[in-house]
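Those protein sequence lines, which keep their order, are chains W and A.
Just so we're aligned: the first sequence equals residues 1 to 527 in UniProt numbering.
Just so we're aligned: the second sequence equals residues 1 to 91 in UniProt numbering.
To be clear, the hints were calculated from the coordinates, so they are not data collected in a lab.
Every residue gets a Cβ at the ideal spot worked out from N, C-alpha and C, and that includes glycine.
Possibly wrong hints are sitting among the right ones.
Looking from chain A toward chain W, a few residues come up when the C-beta cut is under 10 Å (computed) [stated by the list, open to error]:
1. Gly51
2. Val53
3. Lys55
4. Asn56
5. Glu57
6. Asp62
Now for the letters of each chain:
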Amino acid sequence: MADNKDTAKVPEVKPAETKVAVEGKAVEVPAAAANGANGANGATAATTANAKINPPKPKGYTNPAFQAMGIPVLRLPSRNWMIFWAVTSGLIGGVLYDKYQQSQIRSKLCERVAKYGAKPLGPNQLSRKITIYIAPPPDDYLDESMAIFRKYVKPILNSGGVDFQIKSENRQGVIRSTVAAEIRELRRNILENEENLIKLQNEQKWYNRFKSYFKSNKPTKEKIEALESKKFTDDLQMQNVLGVYYNNIHKDDPIKSEEVDIKDPTLQGGVLCIGRGAYKEYLHGLHEGLLGPLEKPLDHREMEDFNKSIEPPVVTSIENVESKVENNVETPVDSNTSVSETSVSENKDGSNEQSEQSEKSNDETSENKENDENSEDKPEELPIPKPFISTTDYPNSKLAPELIKYLNFNQKIPTNSQISPFFQQPIAVIPVFFLQGFLNFPIRLYRFYTRRYYTEEYGKLTVALVENQTRSFNKETDLNFALDEELEWPKKWVDRAKERQSEWVQELTVDDRVLNKLSVYDEGYLK
Amino acid sequence: MSFLGFGGAPAQPSEAKIAAAEAELDLVTDMFNRLVDNCHQKCISKSYNEGDVNKNESLCIDRCVSKYFEVNVKVGENMQKLGSSGAFGGR
């Protein structure tokens, strides 16, 4: 609006002034004929009037040669143009400078680790593999965090010849539950292996061998035939007949990681968490897997369901019918009491309302209704399993008994890949700074123009990861990795999360027994 | 074992079977050659400083091959879907 007004004004003013000037001239002309001095005065008046319209151009620079070539007079642009160009070039230049610096830093760090990537790797070897946990910033998509990974971390990993495996989530709790589930799986495997070992040892004993010799039936004709046919088909497998496998001396070599020979379990692999949420979930997952039980404990509601199923079903149905009748008549509040016994204490209100609705809408038998109640709480997506152990129970529980003998002596835990499991591997954390909001604009602008600092910081951490520079976990400082990020989480989001008791907003609860086994990457030596 | 022409469908002549098998082998070999070609071009540096494959190259090849197979499977599935729905002009 304001612009329009201004532009509208200008043409109004200009003709008026020129008119005055013309009139002035017209008036002065006869006087100039009478008096020369007066005429001169009139002329100066006219020029000042003209100067108001078009201020005199600055002198500029030219020379006859330029003039001969048709090059106009060189002079500085006007004040406004100068301001415009200065601001524009400043803004663009800042971006370009930052980008240039970023690429310089990146290429410097990449060159530093390039020697590791240039090492030869046998055809039956796998290179070192790190695990990367990525969580999206609050109220945004995973792409934001992935962009940070792609920009600051991936180039260095690629030139350093480190393989990676990305585990990302779109909902809170996925990382925590997968981490815990993997640890439990490993514990179960170890238990199984130990059982098998004992069984084998028993078989080795002489009287058992004696027994089994008499027990085992002699190879029958069918068995021999089956074996022969199997051998025949095995010989005709594609890799034995054609292609690159044929006549390949490495054909029968087992494929194993290059890190198999490293004795220290904390120098294998690596874990990188991108985002405070991912780090928090990872730590909680470790605790859940190492301190929690192997099997899913029955939660509150399931326990009560279980108890109910023991009770004679007739009684419950009568109760329910009574409550239904009451409900339909007048007092819905009272009737809830019978239902609320079965519902969980956590989300009392929601489930009560839901059960009330289901009661009103359809007449169902008691069993059906119980099922309904269970299914109603679940969202359409598969629910994320709740932690097997609550954070308050950490001090009371035992550190995984299957692993304790390996963990205590810092031994390698036997796995299929012969690489120590990820919870023995060192950790690195990269924050995802993601500010939102109009008032934060200056900070965001500053960060946008100084991304080179992030490039350096994250890049050095990644170099430390590639070069395997570690130290043991320091409880005071290392729990606060990327803590600043939490201050920047949107307040509305945090409030909502607290209402829902989300995992990210809960305090990071840890146990010393677990923390003592951890180690972190340390980029301090790069300064 | 057809009785007055009402027997089961006549068994496919072995020649047709062999032709089908040959076509399939051609397909597989063609894909394999393309894969080797592409991944070699993408991953192996042309200076050939060393006889061995280095870490970066081998990682690159790993990813290249897995992506190639994945895309191949996806494209194949889609083509099959298109073919069965008759989107190829009834062919």
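Hint by hint, here is what the structure shows:
Restraint check, A/Gly51 versus chain W: the minimum CB separation of about 8 Å is within 10 Å; hint holds. At its closest, the beta carbon of A/Val53 sits 6 Å from a beta carbon of chain W; the interface hint therefore holds under the 10 Å criterion. With 10 Å as the threshold, the beta carbon of A/Lys55 comes within range of chain W, its nearest partner Cβ sitting at about 3 Å, so the hint holds. Checking A/Asn56 against chain W: minimum C-beta separation of about 4 Å stays under 10 Å; hint holds.
Because the closest C-beta pair between A/Glu57 and chain W is about 8 Å apart, less than 10 Å, the hint holds. Because the smallest distance between the Cβ of A/Asp62 and any Cβ of chain W comes to about 8 Å, under 10 Å, the interface hint for this residue holds.
No hint from the list above goes unmet by this structure.
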